[in-house]
Amino acid sequence: MALYSEKVMDHFMNPRNVGSIENADGIGEVGNAKCGDIMKIYLKIQNDIITDVKFETFGCGSAIASSSMATEMIKGKPLSEVLTLSNKAVVEALDGLPAHKLHCSVLAEEAIKSAVLDYYKKNNIPYDAAIFPDCENCGHCITCE
Amino acid sequence: MKIYADNAATTKMSKTAVNAMIPYFDEVYGNPSSLHTSGQKAAEALYNARESISIILNCHPREITFTSGGSEADNQAIVSAAKIGERKGKKHIISTAFEHHAVLHTLQKLENQGFEVELLDVGEFGLVTAEQIKNAIREDTCLVTVMYANNEIGSVQPIAEIGAVCHEKGVLFHTDAVQAAGHLAIDVQAQNIDMLSLSAHKFHGPKGIGVLYARKGIVLSNIIEGGAQERGKRAGTENIPAIMGMAAALEEANEHINENTAKLIKLRDRLIEGFSEISHSILNGDREKRLPSNVHFCFEGIEGESLLLLLDAKGICASSGSACTSGSLDPSHVLLSIGRVHEIAHGSLRLSLDENTTENEVEYIIQSVREVVEYLRKMSPLWHDKISGRKNFILK
Chain A
5 MALYSEKVMD
15 HFMNPRNVGS
25 IENADGIGEV
35 GNAKCGDIMK
45 IYLKIQNDII
55 TDVKFETFGC
65 GSAIASSSMA
75 TEMIKGKPLS
85 EVLTLSNKAV
95 VEALDGLPAH
105 KLHCSVLAEE
115 AIKSAVLDYY
125 KKNNIPYDAA
135 IFPDCENCGH
145 CITCE
Chain B
7 MKIYADNAAT
17 TKMSKTAVNA
27 MIPYFDEVYG
37 NPSSLHTSGQ
47 KAAEALYNAR
57 ESISIILNCH
67 PREITFTSGG
77 SEADNQAIVS
87 AAKIGERKGK
97 KHIISTAFEH
107 HAVLHTLQKL
117 ENQGFEVELL
127 DVGEFGLVTA
137 EQIKNAIRED
147 TCLVTVMYAN
157 NEIGSVQPIA
167 EIGAVCHEKG
177 VLFHTDAVQA
187 AGHLAIDVQA
197 QNIDMLSLSA
207 HKFHGPKGIG
217 VLYARKGIVL
227 SNIIEGGAQE
237 RGKRAGTENI
247 PAIMGMAAAL
257 EEANEHINEN
267 TAKLIKLRDR
277 LIEGFSEISH
287 SILNGDREKR
297 LPSNVHFCFE
307 GIEGESLLLL
317 LDAKGICASS
327 GSACTSGSLD
337 PSHVLLSIGR
347 VHEIAHGSLR
357 LSLDENTTEN
367 EVEYIIQSVR
377 EVVEYLRKMS
387 PLWHDKISGR
397 KNFILK
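Line by line, the protein sequences are chains A and B. For the first sequence, the working numbering puts the final residue at 149, and the numbers step up evenly by one. For the second sequence, the working numbering puts the final residue at 402, and the numbers step up evenly by one.
Certain hints may be false.
What the hints assert, rightly or not - Below are the BS3-like pairs computed for lysine-lysine, each with C-alpha atoms no more than 30 Å apart in a straight line:
no.	chain 1	residue 1	chain 2	residue 2
1	A	K11	B	K8
2	A	K81	B	K384
3	B	K320	A	K58
4	B	K384	A	K11
5	A	K117	B	K397
6	B	K392	A	K38
7	B	K320	B	K384
Calculated directly from the structure, the hints in this document are not laboratory data. From a predicted model like this one, the values you see are computed outputs, not experimental measurements.
Isolated chain A (complex conformation) (with noise of 0.2 Å):
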């Protein structure tokens, strides 16, 4: 069995919204180059909606499948359901990771939310601070230190 369903192997082969964004709206940034994935997502956003989404990735095979594939589900998309926006559900639509791959599909999620609290933030919207990750103090980067 490859390591890869092909989808992985198609998002990875073909990342969709691969760069950067002029003065983006939101810049999400998560992961440490110690650890070997970095992930930044830049969005465009008007009236709630995403549209524009551009990413970069330091990372491994699974790393830039899961930017590209969590970029294509939140383009177009309302804010308040880009939050709803679960790794698994990043997992669900590349058809599987490897277990040892799964992290990469959070480092998605957690870009893209931070991306959108960093929207949030420079236009000085309320925010419900629970449901961001906490970057700072999570540990997730721990493991490799």
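Based on these hints, arrange chain B on the given structure of chain A.
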């Protein structure tokens, strides 16, 4: 183009080795322990294979024990030396930080049983010196085990000098020669080697078969108990076809060792030259004292697994010490041992050639690696941070 450049992982079997095996599946298939003619034919073949290998290593046939491969040979060599030492109250073992896991994990087990294991630093270029060994040897040292050539970064250790120091001090010396056998000349007498492990599938022989050489007088401890095969030191009916394939492959490799080395060094050096032109990259392992087939680089700002997958899509089979390819969170212990930080170790690439690699293939590899590294850097936020000066480059 399809290019197999992962010969340090395993090799394609040579036609000579395949042909040497075939008669022993369904023609000479007797058990060498049986008295009848069929069994005795197999016993004779076994004797010939043992003799042929012993001539190449410059030892006595009785000093050769057939094992299931390099890992078993490493395990048995180390456990045996430890038992011998323990009986004399010597429980200190010297090795290096970048040994294969077959060695390191066996040493860990001994550590749990009360042995003291000292892993020597291998420096920036992945080399230990005889001087380091000499300084580390104590009254209670029972074993020095140092690999002949490193399986990841290809650095070749001064085996004869290390052996000389060990003999001077009366300490047993084992070397894991899995990456060296069939590729570098081995002479256990001249190189003062007491025990040596090798594995057939690294030199175009079959998988699942290897050798433990142990100098006469070294009492081996069994890993596998049972019948009296291999002078009672390794039970189980001998894998005659594999043993015949291994002997044929080693003979063939040994015969061509000089011409293969000359050819490989040219190809290797061209790859090193080509990759060195990629900015913010570094060669791992010593530039001169390295396996003729090994090229190992780190590229800053990218991750090794995605590099491998994209090279695979271009038809190139390679390997990486990145954590993401191993299933663990840590990158290769070998890269960490030569001082590469995690971030840099993640972006590693190993190419291991064989004598069938062509100059055209080497040029294609260089071109492909350049393209893929550039492509991945373009989508790497880490790379962008470095290019824009927000983060510092680690490599020149």
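message: Check whether the Cα positions of B:K320 and B:K384 lie no farther apart than 30 Å.
response: Given pair B:K320, B:K384 holds - Cα atoms ~19 Å apart, limit 30 Å.
query: Holds or violated: B:K392 with A:K38, Cα cutoff 30 Å?
result: Holds, at about 15 Å.
task: With a cut-off of 30 Å on the C-alpha distance, tell me whether A:K81 and B:K384 pass.
output: Holds - the C-alpha atoms of B:K384 and A:K81 are around 27 Å apart, at most 30 Å.
- prompt: Are the Cα positions of A:K11 and B:K8 separated by 30 Å at most?
  reply: Distance of about 24 Å is within 30 Å: holds.
Restraint check for A:K117 with B:K397, where alpha carbons must lie at most 30 Å apart: Answer holds: A:K117 to B:K397 is near 24 Å, not above 30 Å.
message: Check whether the Cα positions of B:K320 and A:K58 lie no farther apart than 30 Å.
response: holds (26 Å)
- prompt: Hey, B:K384 versus A:K11, does the alpha-carbon distance stay inside 30 Å?
  reply: holds (23 Å)
Taken one by one, the earlier hints all hold for this structure without exception.
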